[in-house]
Every structure is written in C-alpha cells, then in structure tokens.
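Below, each chain spelled out in residue letters.
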Amino acid sequence: MRYLIFFFALITSIVLSSYNYKGVPHHKLKFEHFIPTEISEPSDVVYDQETNHMFVVSDHTGTLYECEISGKVIRKAPEKGLDFEGVEIKDNNVFVADESGRKVYKYNKKDLSLVYTYNTPYDGPRNSGFESLTYNETKKCFIMISEKNPIVIFEMDENFKVLKQYPFSGVRDISAARWYKGQMYLLSDMDMSIMRCDPNTYEVKEEYSINVLNPEGLAFDKNSNIIITSDKLSRIYYFKNLPTNNE
Amino acid sequence: MNKLLGISLLLSVAATTTVSAQYTLTAGENVLEIKGIVASYYQYQMLKVGQTSYKKNNFYIKDAQLDLVGRHGKNIEFELQVDFNDLAINATAGAGGLGGGAAADPFAPGVKAAYFIYKGLPIQIKLGYDKLPYSMGSMDDRYNNSFWSHGYLCDGNFFARRDLGITLSKSLWNKRINMYGGVYSGLGEMVIGNADNDASGNPEYVGRVDVSYPSKMDYTEVDQIGVPTPIFRLGANVRYMNKTQNGTSTIPAGSEGTYGVRIVDGENLKYGFDANVMYKSISLQFESDFNDLRPSKATDPIFEGTSSNINHNVVHAGGTQLQLNYFWKHISSVFSVRYENINYNDLIVGKEEWLTIGYAYQLNGFKNCIKFNYDHPLTEDTQQDPIKYNARFRLGWQLTF
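So the sequence lines, in the order shown, correspond to chains A and B. 8 is the number of the first residue of the first sequence in my numbering; add one for each residue after it. 165 is the number of the first residue of the second sequence in my numbering; add one for each residue after it.
With the rest of the complex left out, here is chain A (with noise of 0.2 Å):
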C-alpha cells in the first residue's frame, strides 16, 4: 500500500509541477450561428473587401475556392495542389501554402490562374509543415507558421525567402494566422482558441476561446466578425466581434 501511496505522491508532484497560468486576459466566444459548405474540410479562409466575398481552401482535395459570405462557392481554381492549409490576399493575388506539398502557390484574384510557384522547404514533420500563411502589413512581410512539434512563426520576403524566426509556446499547435488591423491573430485548433499577438513581437496579448471542433480558417469581415471554418465538420462558424477594443 506504502508504494501505491508513493508513486500517487510522485505522480501529483510531477502533474502539479507543470501546471502553466499564461496570465493573459482569457474571454469566451460563442458563435453566432453557422453554415454547412460543399467544400470538404475548409482548411483556411480569408475575406476580401473588396468583392464582400471569400477565399477558401481545402486540404482534402487541395483546390482554391471563392465563395459569396453566405458560404455558396462561385468558382474554383483550376490549378490544384495536395494539402492546402493557409491562404491570404495581397494585391491582386491570392496566395496559398500547401502544407505536405511545401510550396506557395500564387493565384490571379480576377481570373483564379496560377501566377507563381514558391518552394517554401520545411524539414519539420510532414503534416505539421506551414499550416498558417498571413501578410503582416506591421513589419510589411508575409507570416507562415509551422503547425507544431515546434511552433516557429517565419517572416518571409515577397520571394518566401525567410526572413527571421520566432519560437511561440503556450498552446499545442497553431492552424491559422490573420493580420487584422495592426494585430495578429493566431488560432490554435488543439486548443480552441483565438490569441491576438503584438504584430511586432508576436508576444500573446489577448486569449479567447472558442467553442468549435477542428477550427482551421480564421478571418474577419468588413464589420470585424470574426469568420472561423471546421475542417472535420465542413461548416462556416460566424461570431460577432471581438469583446475587447484593441489596443
């Protein structure tokens, strides 16, 4: 029985010991309501201002589609890759990171044709490559993040030549990324939860959780709400705004 004990005590001491407060304010989010897409498992999804549309990919048949807000697809790209996990507008483009594939594939906005391929190599686990593709209008260079096993947020140059490194901890994995005026938003699919981030940093400001399986995409629209999609479910979660004014 002493030994039961024993090994009880040793077992609490190592748990209790790991224990980690972040100690950043901590909000819940529930959504407001959401849709079923066509699309198999919706990867990442951006919003563009300028149509009142969307971007998604999915990492199931690795194409890029443009949907109405609503969720309905208007068309898709022709050219397709494997795994695509991240995608963001700049310019005129649309550009999309191809997780398994390690490549960034660079799409014309009006016409949805393939411009540019960027080799983006990442020695990391193969399914746990770049996951998270955003451009951070704060440092002017675009954003990938290695899912996990680790988290490493990489600046990259308009070729995605890397440009400089950041370690991130805190939470298991990270599966999107967004730079939303002057923050970064991160979102974490292990853990269910939206971080804003100092954009400079990258330092966790804010947390709030989020009560979706499998969120993947992360976005907002012209009113700030915030547009998250479940790869698992196929659906389009929309919450209203964030609860706190950023800083």
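Any given hint could be a false lead.
To be verified - Cross-link-like lysine-lysine pairs, in silico, PhoX-like; alpha carbons within 25 Å at most:
1) 37(A) / 444(B)
2) 493(B) / 87(A)
3) 283(B) / 87(A)
4) 339(B) / 79(A)
5) 35(A) / 493(B)
6) 37(A) / 493(B)
As the list claims (entries may be wrong) - Okay, the calculated bits of chain B under chain A, using three or more residues with CB under 8 Å as the criterion:
7) 195-206
8) 219-233
9) 381-391
10) 519-531
If you're looking for bench data, these hints aren't it; they were derived computationally from the structure. Ideal placement from N, C-alpha and C gives every residue a C-beta, glycine not left out.
Use these hints to put chain B onto chain A, whose structure you have.
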C-alpha cells in the same frame, strides 16, 4: 519493487525536455518523411506464492522503430516501418544464440509496414504488408494512449493484426463513412517469415464498415482536444478463410498462436463490433470480437478431445473490451482504465478477466511521455492461460522523433 521506485524517480528527473523532431525531404512533388520511436520500460511482477523466478523483472525495449513515409507524385503514397528490436530478437533467438535460447517470435518479424497506396481512382488501393482493417482496438495507434500494449483481445493472439495483401477502401460523406475490403494471405504476421502460403493456398477475406458522426473520427482513443460536441463512431468487421489442408499437409507450425485460435485447419470465421465516443476530454471505447472455428479434422487439438456430439464440429471463442480515458489538459496527463473479458475456447471451462490502469504524463503530447501501467488479472483461466503473478507494473519512457 524498490527498483521500480528508483526508476520512477530517475525518469521524473531525466524527462524534462520537450524533444520532438521528424524530418521531411522534398524533391518536386516527391516527399519523404523520416520518423521513428524509441521506448523502454522497467517491468516488475508481483509473483504468486511459490513462484521463484524473477527473470521477468527487468528492463525491456518496447520500440526501436524507424518509419519512412512518403509520397511519389500526387497519387502514390508509401510506408516502410521497421522495428530493430524485433529484428534483433529474432536474429539472435534459438539455442546457442545471443538470445539465450529464447524462441523467435513469428508474430513480430520486425517489418511492421511495407506498402504503397494508389489514390488516383475513386477507390483507394493499398498493396503490401500493413495492419488489417479489422478491430478498432488493433487499428488504434498504441503510441497515442497511456498503455504500453494493446489489450489482450487485440494483441494478436485472437486474430492476426497484420498481413500481406491488397486493401480497397472508399470514404463517403466527408470521411464519416469508411468502407474497407481486402484479400490477404491469411497467415498474418507469419507470412513474413514463412514466405509461402499454407498448403491450401487459400486467402483470407476481410471487410469493415465504420460510421462516425457528426464528423470524421481518427483512429485514436484519447480526446486530447476536449471536443465541444460529442463525437462517436460505430464499426463492424468480418473476416473469413478456409485453411482446410489436403492429405498430410498441416498449417505452418505455430500459426495457430498461443491459444490455438488464430488459424485452424478448416474454416475460420471471425467478426466483431466496436464503438468509440468522445466528449470534453472523456473518451470511451467498446469492442467485442468472436471467433467461430470449424476444424476439418475431428482430432484437431482445439476440440480438446470432445466428441462431435458435444462440440458440434465448431469451437467458439470471444471477448469484450471496455476502456475509459480522461485527458486532464492542465496537468498534461492521461488517465485510463481498461477491462477485458476473454474466453479462448468454449470447450474448456474458464475465462479470464483483466483490469489495466494506465497513466501517461505528457512532456510533449504522446510524442514524449512517461507511461505507468498496472496490470491485474481479476479472473484467471487456469487451464488455458495460467499466470505466475498477481499484478504487474510497467514504468517507462516513450519518445518519438
């Protein structure tokens, strides 16, 4: 027992890093990922009164695996997985060998996967050696739970877990419905060492269907997400082979397994059902498996000398497994308990029941974790599976790279 305590202290001090590294090479559309797993534990058995051999109280290498997974172009994927520990044990087994006379294990030949998949058709085709699409407990990845081993029902003594053959699969409804069908040698893991089939030359046919809702569900047992919506999966599978031997031929020696129910000279029908549900870090798995074995010869030892009036030319075996897991995110811990009830032969009085408690402390998920298991036989089948201990502890470290 003091050794086990000392090892637990050493592990708690040593396992302080969050090591994890897999490596991926790309060349155009070709991708090769290099990964592996190293795991060792210390085992301590609390022997029954009268037992005097403590040789099983020792350190063991559980895994020493290298796994190459890749893609060739857009439509072909492949995997080659080898366990060097199994290779070494088999290479040095036998009298006079470095293995000290230990017998080779034909069911752990060292190769764990060697296959390729073609994805360019509406139906996916897999050719080669890999896990069979049969039994959730077998298909679930052992490395992603708090146990050191699969349950006794699914550890390969009841049915073969791997084999060489062809698997066709198709997913519907965003992968919520998955269907598998395949043809295999029927010898299971033994096909690697045996090379040829048995004298009947007949294959084994395996089929499985599973349905999950409201989303697709991976073959994993622990809810490390804390899913906000209950997710469940129901599965059913069946397999059949006729290994009736002609003339004086016999099935390959040892292929019948420890309890004689893996393969019999005759008709082998096996079927099972399973379920998995997850919600807010709690997960529950249930599985039942059944073997209906019809030996072709009345003198088959599996009949235990009974007449056909009693055995009706058939032997039934079956078992049930129930497992409950809880993932406590804030302390990076997984707590599991598993109950099993197995009857290896209905012509022999007795059954066995097991209770296994598992704990895993995650340094970096299951990629880098310490596992502690407590194994306790609740009911012993003294005729078919006499056990020398009252309880067994295993404490060790699992690291994937």
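Quick rundown of the hints versus the structure:
1. 37(A) / 444(B): Judged against 25 Å, a Cα distance of about 16 Å means the pair holds.
2. 493(B) / 87(A): Outside the cut-off at roughly 38 Å; violated.
3. 283(B) / 87(A): holds, 15 Å
4. 339(B) / 79(A): holds, 21 Å
5. 35(A) / 493(B): holds, 17 Å
6. 37(A) / 493(B): The hint holds at about 21 Å.
7. 195-206: holds (count 3)
8. 219-233: violated (count 1)
9. 381-391: With 4 residues closer than 8 Å to chain A, the region 381-391 of chain B meets the three-residue bar; holds.
10. 519-531: The restraint on the region 519-531 of chain B holds, since 5 of its residues have a Cβ under 8 Å from chain A and three suffice.
When each numbered hint is compared with the structure, violations occur for hints 2 and 8.
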